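Taken in order, these protein sequences are the chains called X and C.
For the first sequence, position 93 (counting from the first letter as 1) is numbered 93 according to this note's numbering, and the numbering increases by one without interruption.
For the second sequence, position 248 (counting from the first letter as 1) is numbered 248 according to this note's numbering, and the numbering increases by one without interruption.
One should not assume that every hint holds.
Partial pick of chain X residues on the chain C-facing surface, computed with a CB cut under 7 Å [claimed, not checked]: (1) Leu55; (2) Trp64; (3) Asn94; (4) Arg98.
Hints in this document: simulated from the structure, not taken from any laboratory.
Computed from a predicted structure; not experimentally measured.
For each residue, glycine too, the CB sits at the ideal point set by N, CA and C.
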Amino acid sequence: MLIRTDNITKTYMAGTVAVVALDGVTVDIGKGEYVALMGPSGSGKSTLMHLLGCLDTPTSGRYWFNDRDISTLDDIELAHLRNREIGFVFQSFNLLPRLSARANVQLPMLYAGMPVRERQARAAELLEMVGLKDRMTHNPNELSGGEMQRVAIARAFANRPSVVLADEPTGNLDSKTGVEIMRIFGSLAEKGNTIILVTHDQAVAGHARRIIHLADGKIVT
Amino acid sequence: MRLVELLRLSLETFRTHRMRSFLTALGIIIGVMTVIAIVSLIQGMNYEVEKQISSLGSNTIFIQKFAFGMGRLDWDEINKRPNFTMDDALAISQLPTIEKVAPSRSRSIGKVTWRSNKVTNVDMSGSTPALAEVGNYTVETGRFINSDDSLRRNQVCVIGGYIVDNLFPYETPLGKRLVLDGKSYLVVGVLARKGSFLGQSQDNVVVVPITSFEKDFAPGRGFGELMYSIAVAAMPKKGVPIEKAIDDVRELMRRRHKLGYDKPDDFGISTQDTIRDIYRNITRVAYIVMIAVAAISLLVGGIGIMNIMLVAVAERTREIGLRKALGATNQDVLWQFLLEAVMLSLVGGAIGVALGLGIAKVVELAAHLKAAAPLWTILVGVGFSAGVGIFFGIYPASRAARLNPIQALRYE
Numbered sequence: 001m002l003i004r005t006d007n008i009t010k011t012y013m014a015g016t017v018a019v020v021a022l023d024g025v026t027v028d029i030g031k032g033e034y035v036a037l038m039g040p041s042g043s044g045k046s047t048l049m050h051l052l053g054c055l056d057t058p059t060s061g062r063y064w065f066n067d068r069d070i071s072t073l074d075d076i077e078l079a080h081l082r083n084r085e086i087g088f089v090f091q092s093f094n095l096l097p098r099l100s101a102r103a104n105v106q107l108p109m110l111y112a113g114m115p116v117r118e119r120q121a122r123a124a125e126l127l128e129m130v131g132l133k134d135r136m137t138h139n140p141n142e143l144s145g146g147e148m149q150r151v152a153i154a155r156a157f158a159n160r161p162s163v164v165l166a167d168e169p170t171g172n173l174d175s176k177t178g179v180e181i182m183r184i185f186g187s188l189a190e191k192g193n194t195i196i197l198v199t200h201d202q203a204v205a206g207h208a209r210r211i212i213h214l215a216d217g218k219i220v221t
Numbered sequence: 001m002r003l004v005e006l007l008r009l010s011l012e013t014f015r016t017h018r019m020r021s022f023l024t025a026l027g028i029i030i031g032v033m034t035v036i037a038i039v040s041l042i043q044g045m046n047y048e049v050e051k052q053i054s055s056l057g058s059n060t061i062f063i064q065k066f067a068f069g070m071g072r073l074d075w076d077e078i079n080k081r082p083n084f085t086m087d088d089a090l091a092i093s094q095l096p097t098i099e100k101v102a103p104s105r106s107r108s109i110g111k112v113t114w115r116s117n118k119v120t121n122v123d124m125s126g127s128t129p130a131l132a133e134v135g136n137y138t139v140e141t142g143r144f145i146n147s148d149d150s151l152r153r154n155q156v157c158v159i160g161g162y163i164v165d166n167l168f169p170y171e172t173p174l175g176k177r178l179v180l181d182g183k184s185y186l187v188v189g190v191l192a193r194k195g196s197f198l199g200q201s202q203d204n205v206v207v208v209p210i211t212s213f214e215k216d217f218a219p220g221r222g223f224g225e226l227m228y229s230i231a232v233a234a235m236p237k238k239g240v241p242i243e244k245a246i247d248d249v250r251e252l253m254r255r256r257h258k259l260g261y262d263k264p265d266d267f268g269i270s271t272q273d274t275i276r277d278i279y280r281n282i283t284r285v286a287y288i289v290m291i292a293v294a295a296i297s298l299l300v301g302g303i304g305i306m307n308i309m310l311v312a313v314a315e316r317t318r319e320i321g322l323r324k325a326l327g328a329t330n331q332d333v334l335w336q337f338l339l340e341a342v343m344l345s346l347v348g349g350a351i352g353v354a355l356g357l358g359i360a361k362v363v364e365l366a367a368h369l370k371a372a373a374p375l376w377t378i379l380v381g382v383g384f385s386a387g388v389g390i391f392f393g394i395y396p397a398s399r400a401a402r403l404n405p406i407q408a409l410r411y412e
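Let the sequences and hints guide you as you build the complete structure.
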């Protein structure tokens with residue numbers, strides 16, 4: 001199993017009040033699955049995504065990624081794990097504005113210590129994959145929202161991660177562009193990539209092959 | 001991540017925030033520039049002054065009404081001191097530890113003319129033949145004043161190269177009669193050139209017999225008399241330590257002035273070393289002032305860098321969160337911001353070095369001073385600015401490194 005959680009909880013301190021964001025989530029996601037985490041805002045889906053993406057650690061419970069117990073890893077090991085095994089796609093794209101599309105795609109490879117030539121070739125290949133072959137040297141401010149999200153998708157797949165986590169990937173896009181983006185995710189899933197979508201949108205979640213519903217920090221289905 | 005990548009990353013800021021980077025580095029630029037400029041000028045000055053001091057002769061003792069020195073002189077008290085006399089000079093010359101003595105009186109005279117040519121503000125010394133050796137004078141052509149001149153109060157003179165240039169551009173000066181402030185003097189010799197000191201020619205000099213000086217040029221009473229009273233330059237015998245000779249002179253003069261054992265000296269004795277000490281004291285003060293200026297501006301510059309780096313970390317919170325999500329370790333982030341701070345101050349330091357050397361060069365050309373910046377000042381300038389970058393950059397950088405990636409990504 002690629003992802004396995006056992007009864008994980010996450011509690012935040014909001015001032016002096018403890019907020020339970022996740023309340024005992026046990027979930028398994030296998031290699032090659034295309035999953036949507038669905039739920040209204042405040043349901044804990046973003047918190048779960050952060051935990052699954054190793055950006056955060058659970059308050060209690062266990063999380064195994066590729067059979068490695070995440071709670072035993074230190075900061076550097078977590079950074080390496082995020083770098084090699086996990087790709088992120090954000091609602092607001094999060095491209096670095098002063099870098100070209102190609103340089104943005106290269107960032108994860110930069111932190112992986114890949115040589116320049118190899119990095120550039122791989123970035124070009126990835127941008128071609130998302131249909132931006134002729135936009136490689138453009139800066140984000142010269143790209144449309146859909147194009148920016150495609151650059152972000154290329155970036156997420158840069159180091160051939162085991163899983164890509166997409167947080168409301170169409171949230172900042174019009175519906176037509178959103179459909180295009182979902183088509184790209186669909187085709188990437190078809191090629192055997194593991195993708196986890198986080199969304200509150202039924203239409204978006206409908207693209208996934210499995211839907212996990214969250215409410216009040218618990219899995220409901 | 002490799003160093004080259006980090007460097008490229010840190011230089012990015014200069015491209016995107018040119019004005020801000022320049023203003024931030026300004027404190028460092030000014031600090032380093034000041035240090036480099038002042039050090040090169042002091043070094044140039046040291047070179048000139050050392051040359052000058054060396055030319056006095058390491059073995060010469062100067063005996064005057066007051067010693068060269070720093071601090072306030074009590075002129076009223078000095079005025080009451082007895083003048084040196086030729087008899088004092090004679091007595092000193094007869095000490096068993098003293099080889100030679102040159103008593104001299106000097107003053108500046110308004111003008112020296114030959115036919116229609118004239119030179120103004122000439123330094124005139126009245127002395128004895130011994131001055132040639134004791135005062136380090138070499139005769140180029142003709143002869144120095146001799147004992148016969150002294151004895152007979154001959155109206156003869158030996159002149160420096162500057163006077164030759166201005167009065168006798170086309171003919172030999174030897175055998176010509178000059179008019180020195182109204183008195184007619186025969187040129188018997190020309191001195192070898194000594195060059196200039198701090199842009200002032202040292203060859204604008206006339207040496208006459210001290211006896212003739214007494215007769216024709218002795219200034220009246222008052223301040224002039226004090227300044228131009230006889231000064232004695234003495235050379236110890238070969239093999240006699242200079243301290244021994246100084247003790248002998250001091251003892252002799254105290255006896256001649258009938259000073260009780262509890263009375264202080266009413267005369268001053270200086271050597272090349274005392275003059276050098278005075279000079280060193282002056283430059284030490286200059287160095288302390290310089291270090292203070294540099295320290296303050298580096299401190300201010302460093303605070304400016306820390307401030308702008310904190311701004312940069314805040315501005316780029318989302319970027320930091322993103323980089324962490326993409327796999328940057330805390331250390332990667334730390335290095336990115338630390339190197340950025342170091343590059344800011346290092347580039348500032350380099351600009352400061354360049355400007356400092358430029359200023360030194362300009363002053364060198366304007367003041368005829370050989371300004372020299374030793375390599376160590378450049379290394380210290382650049383090294384200190386890098387140190388400032390590290391010191392003031394570490395806090396903002398570690399703040400960036402410690403950011404929580406989720407909160408950083410949510411930051412608006």
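Identify whether the interface hint at X/Arg98 stands, where standing means a beta carbon of chain C within less than 7 Å of its own.
6 Å, holds
Would you settle whether the hint for X/Asn94 is holds or violated, based on the nearest Cβ-Cβ distance to chain C being less than 7 Å?
Check passed: Cβ of X/Asn94 comes within 5 Å of chain C, closer than 7 Å.
Quick check on the hint: X/Leu55 CB to chain C CB, less than 7 Å?
5 Å, holds
Does the nearest C-beta of chain C fall within a distance shorter than 7 Å of the C-beta of X/Trp64?
Violated: closest Cβ of chain C sits about 20 Å from X/Trp64, beyond 7 Å.
In this structure, the one hint that does not hold is number 2.
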